[in-house]
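Novice: Got chain A; can you put chain B on it based on the hints?
Protein chains: 2
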Amino acid sequence: MNGADALCATLLAAGIDTCFANPGTSEMHFVAALDRQPRMRCVLGLFEGVVTGAADGYARMAERPAATLLHLGPGLANGLANLHNARRANTPMVNIVGDHATYHLQHDAPLTSDIEGLARPMSHWVRSVRSSDSVSADAAQAVVEARTHPGRIATLIVPADTTWNPATGPVVTAPAPVPRQRVDATELRRAADMIRSGKRTTLMLSGVALREKALLVAARIAQHTGVQLLAQQSNARMERGAGRPAIERVPFSTELAVSQLREVEQLVLVGAKAPVGFFAYPGQPSVLTPKDCAIHTLASPAHDLQHALEWLADELGVPTSLAPSTPELARPALPEGTLTAQAVMTALAALMPENSILCDESVSSGRTLFGFTHNAPRHDYLQITGGSIGIGIPLATGAAIACPQRKVICLQADGSAMYTAQGLWTQAREQLDVVTIIFSNRSYAILRNELKALGAGEPGRNARRMLELDQPPLDWVQLARGMGVEGTRATSAEAFREALRRALAEPGPHLIEAVL
Amino acid sequence: MNGADALCATLLAAGIDTCFANPGTSEMHFVAALDRQPRMRCVLGLFEGVVTGAADGYARMAERPAATLLHLGPGLANGLANLHNARRANTPMVNIVGDHATYHLQHDAPLTSDIEGLARPMSHWVRSVRSSDSVSADAAQAVVEARTHPGRIATLIVPADTTWNPATGPVVTAPAPVPRQRVDATELRRAADMIRSGKRTTLMLSGVALREKALLVAARIAQHTGVQLLAQQSNARMERGAGRPAIERVPFSTELAVSQLREVEQLVLVGAKAPVGFFAYPGQPSVLTPKDCAIHTLASPAHDLQHALEWLADELGVPTSLAPSTPELARPALPEGTLTAQAVMTALAALMPENSILCDESVSSGRTLFGFTHNAPRHDYLQITGGSIGIGIPLATGAAIACPQRKVICLQADGSAMYTAQGLWTQAREQLDVVTIIFSNRSYAILRNELKALGAGEPGRNARRMLELDQPPLDWVQLARGMGVEGTRATSAEAFREALRRALAEPGPHLIEAVL
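Chains as they are written, first to last, in this note's numbering: chain A, 263 to 778; chain B, 263 to 778.
Same shape as in the complex, but just chain A (with noise of 0.2 Å):
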């Protein structure tokens, strides 16, 4: 056994059984360990953008990290965007980034970088390995940093020469997860009393405490004590739709936000950060609650949840069989005439199969748009959670991996498209039940309003050349075709939905360019 096979074998005994990859010359001795292992799911993405979103689109659905292979610095660099977006979504990832053998980086090759550098803005979790025979205890451990809850990304740098030197322990099992940790009494306590005092108080949830199970006991606390609940304004995970209850989330703009918040006195966290502002501007504040509103942690996103928001039920005396109210299913009418943004997601709702997931990467388009799906069948929502752009495609990828007997729907506009198309690829060689739905509006319709918010007049050339995408217009019919997914091209509300219908009835991958 190698340090290759024996990395191979501890990412295996963790119950690590997907590779995200990438590979260059110097991870080859663990492709070959990878090779030795059929066990392993090896799913090959063409830019390390994909590997890295479609490991944290993985990990929230199968809830246990994937692991990725990477090559080198600019092989981790291409992944860092998406890296940063699992970041915020508290995603466990095992990241694999191969070098060069220790005794040849002083020779500073040409694809010598400063890999620990360019890993830690990005990482929780960062550890070179010395030699073949700690190779096993270094990924268990990164295995345990990984799990670390509310789950974090951890890289392993692996030198060549600590692949192929023989490994001569034994393979270190990673201990399993350690339950979450309760909430502290006293927090818990003041939390309620917040509550009880009878000032306007709102529950922020995030994180684990936005699946269904908390959701109820969030719900029927709400229903008892008159309590606001929101959410995050993005969220790893959703458990959403008909059955389940239905909770806005903090509105993307600092004016709307702010104007949604304004009555807030009492702001109760449980799992999510306070509210700031996305980006900053003139004139603008970045603390979206208002002056002197009182804000309490009740829960970090690492906490137990759902006991946190049961004791608090408890606390309360929220009745055992209060039954909090969800929305019913409904279907909205097809919709007809000009495809607009608001058409695309009625035919969604109409038209979504119970179970889907969807994510969403909608940006402008698609922003205002999220009570469309309220009384839709059951589903979970994905979000782009650090503002990275470039992770709808490489999250839909990961997630149809990580469930193969659900159908994954991807919102995708289509500056964001661009970046990590490549996935598409991943999707036609794994043949994924992934729909990409393509909100093409030819332009960076979020800059051109931040441009017209700036007072800055209409864009003259300089500007137009750098927002608008009109000239030439993408054609995501032949980009799909090009890496092997199906695609449609849809310019009226009554195509889209004939398109979408034939796209969630047919197994594989397909992409609908919906021209808005």
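Hints are computed from structural coordinates only; laboratory data are not their basis. There's no promise every hint is true.
According to the in silico footprint, chain A covers these stretches of chain B (three or more CB under 8 Å from chain A) [what the hints assert, rightly or not]: (1) 378 to 388; (2) 418 to 428; (3) 445 to 455; (4) 722 to 730.
A few chain B residues that don't get close to chain A, going by computed Cβ distances all over 10 Å [what the hints assert, rightly or not]: (5) 285; (6) 392; (7) 412; (8) 473; (9) 520; (10) 559; (11) 572; (12) 591; (13) 616; (14) 677; (15) 766; (16) 767.
SDA-like cross-link-like pairs, simulated, lysine to any residue; straight-line CA separation at most 25 Å [stated by the list, open to error]: (17) B:669 / B:302; (18) A:553 / B:374; (19) B:714 / A:376; (20) B:714 / A:372; (21) B:535 / B:444; (22) B:535 / A:376.
Owing to the predicted nature of the structure, the values given are computational and were not obtained by experimental measurement. The beta carbon of each residue, even a glycine, is placed where N, CA and C say it ideally should be.
Specialist: Here is chain B on its own, set in the frame of chain A:
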């Protein structure tokens, strides 16, 4: 004048009038400032790897830095892989990276990250602007750093409030670049002594020593003294073709390189690094020269290499009348039959116009075919310098922006092309005269070879899943058309040469998928 205007004016005053950009909200005041300055040419890339790679190609040909405009940490992260190549190419570059407003950073909004930490591994110089009053001086310093010989990566982080607040000071003019330093007389005499000793000596060149004027001097030295000329394995730019001294490069393969260098007793470096293995392999050396080879650095890449060679020629008494022999213009017969990488290079040598710019990221396909263009019309030859794949298309894009009168030909491996294929859209938008030739072998051929070299036997399922790109095959014609670039597929030498002839004759971007 606000900070953004001051930044823009400072760049223009320093002669930086081209900005490769992928902006976001935090850069919107800078976008508005650029919009007020039509002298700045703004070129949009739909992914940041295109932006930094194009800035590299631009600077290699224009011999002055371009600016890039990137959005926060993730935007910079996406550009890092090609910054790595640019750093290895000694390319001057000024990166402008937006950040949250200074007062907003403490709130850890979703897009917040350690931008300085991300920038440092791939930059020679990093600074964060502290206030709108210092932005001009900071930008001028960034230009000075970028222009420091032999060329540096300067990254200036610009918080949004330093762009929107008023800038009260004057616009700072970056001082003109200082002349390159001349080599030390002792080092020169030592090099001359080594060459005169009669031992087998190789003069290894890189950087500006590979331009025509310097090469002619080096060739005269070689002719007079019997010293061997050799270029580094990877070089930012070589002036080549008929009428210019033909010079071989150190082979990529460790085995071939060791064999080529095995009789070298002395190595004199002129802007080059002593050759080391691109990767390490078990049982193979890191240093490619023989153990007892004496290595002398006559000149670093920052030195005045032209002067160093002239001085050396003088010291060695090379007669000024000695004319070095250079290759004649010789066009090969057009290839026929099966389409191979050799056929592609033959057709290219037969048809490429005088003064072309070849951007080479052909990786395994073109690796041994350098000699095919020794007798081609004079041309510039730009390479991937840091081994970070995904530079070919961006490099060609930037070179075409710098040299609108010249035909750019990009020799592009298919696997690598997928990293930054978005650059094709920029070529279409700017109507650049670029012909992209995709070496479509539908695999990571380099890795297949590396795996074979391990003695791992025939690849099994997992290895094949990570190394082969044939399921599904990428359709480069559709991918190109999807981004507005005319595409053709060639499956025979005859079809290829006709497609190439047509692509070279017509203005604007073309792509030819050469199915090998």
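Novice: All hints, please: hold or fail.
Specialist: Here is how each hint holds up against the structure:
1. Counting residues of the segment 378 to 388 of chain B whose C-beta sits closer than 8 Å to any C-beta of chain A gives 5, which meets the bar of three, so the coverage hint holds.
2. For the segment 418 to 428 of chain B, the stated coverage by chain A holds: 3 residues have a C-beta nearer than 8 Å to a C-beta of that chain, and at least 3 were required.
3. Restraint check on the segment 445 to 455 of chain B versus chain A: 0 residues with Cβ-Cβ distances below 8 Å, three needed, restraint violated.
4. For the segment 722 to 730 of chain B, the assignment as covered by chain A holds, since 7 residues bring a beta-carbon within under 8 Å of that chain's beta-carbons and 3 suffice.
5. Listed as outside the interface, residue 285 (chain B) is inconsistent with that label: its C-beta sits roughly 6 Å from the nearest C-beta of chain A, within the 10 Å cut-off.
6. Once the 10 Å rule is applied to beta carbons, residue 392 (chain B) is consistent with being away from chain A; the minimum gap is 16 Å.
7. Against the 10 Å criterion, residue 412 (chain B) stays outside the reach of chain A, whose nearest CB is about 16 Å from its own CB.
8. Every CB of chain A lies more than 10 Å from the CB of residue 473 (chain B), the least distance being 21 Å, so the non-interface label holds.
9. Against the 10 Å criterion, residue 520 (chain B) stays outside the reach of chain A, whose nearest CB is about 14 Å from its own CB.
10. Against chain A, the non-interface label of residue 559 (chain B) holds: every CB pair exceeds 10 Å, the least being about 14 Å.
11. At the 10 Å boundary, the C-beta of residue 572 (chain B) stays outside the reach of chain A, the nearest C-beta of that chain being 29 Å off.
12. The claim that residue 591 (chain B) lies off the interface holds: its Cβ sits roughly 32 Å from the closest Cβ of chain A, which is beyond the 10 Å cut-off.
13. Here residue 616 (chain B) stays apart from chain A, with its beta-carbon at least about 30 Å from theirs, past the 10 Å limit.
14. At roughly 7 Å, the least C-beta separation between residue 677 (chain B) and chain A is not larger than 10 Å, which violates its mark as non-interface.
15. Against chain A, the non-interface label of residue 766 (chain B) holds: every CB pair exceeds 10 Å, the least being about 22 Å.
16. Even its closest Cβ contact with chain A, about 21 Å, leaves residue 767 (chain B) beyond 10 Å, as expected for a residue assigned away from the interface.
17. Distance restraint check for residue 669 (chain B) and residue 302 (chain B): the Cα-Cα separation of roughly 24 Å lies within the 25 Å cut-off, and the hinted pair is therefore satisfied.
18. Using a Cα cut-off of 25 Å, the hinted pair residue 553 (chain A) and residue 374 (chain B) holds, with the two alpha carbons roughly 23 Å apart.
19. For the suggested pair residue 714 (chain B) and residue 376 (chain A), the alpha carbons sit about 29 Å apart, so the restraint of at most 25 Å is broken.
20. Between residue 714 (chain B) and residue 372 (chain A) the CA atoms are separated by roughly 23 Å; this keeps the pair inside 25 Å, and the hint holds.
21. In summary, the hint linking residue 535 (chain B) to residue 444 (chain B) is supported, as the alpha carbons are separated by about 18 Å, within the 25 Å threshold.
22. With a C-alpha separation of about 19 Å, the suggested pairing of residue 535 (chain B) with residue 376 (chain A) holds against the 25 Å cut-off.
Violated hints, listed in ascending order, are 3, 5, 14, 19; each of the other numbered hints is respected by the structure.
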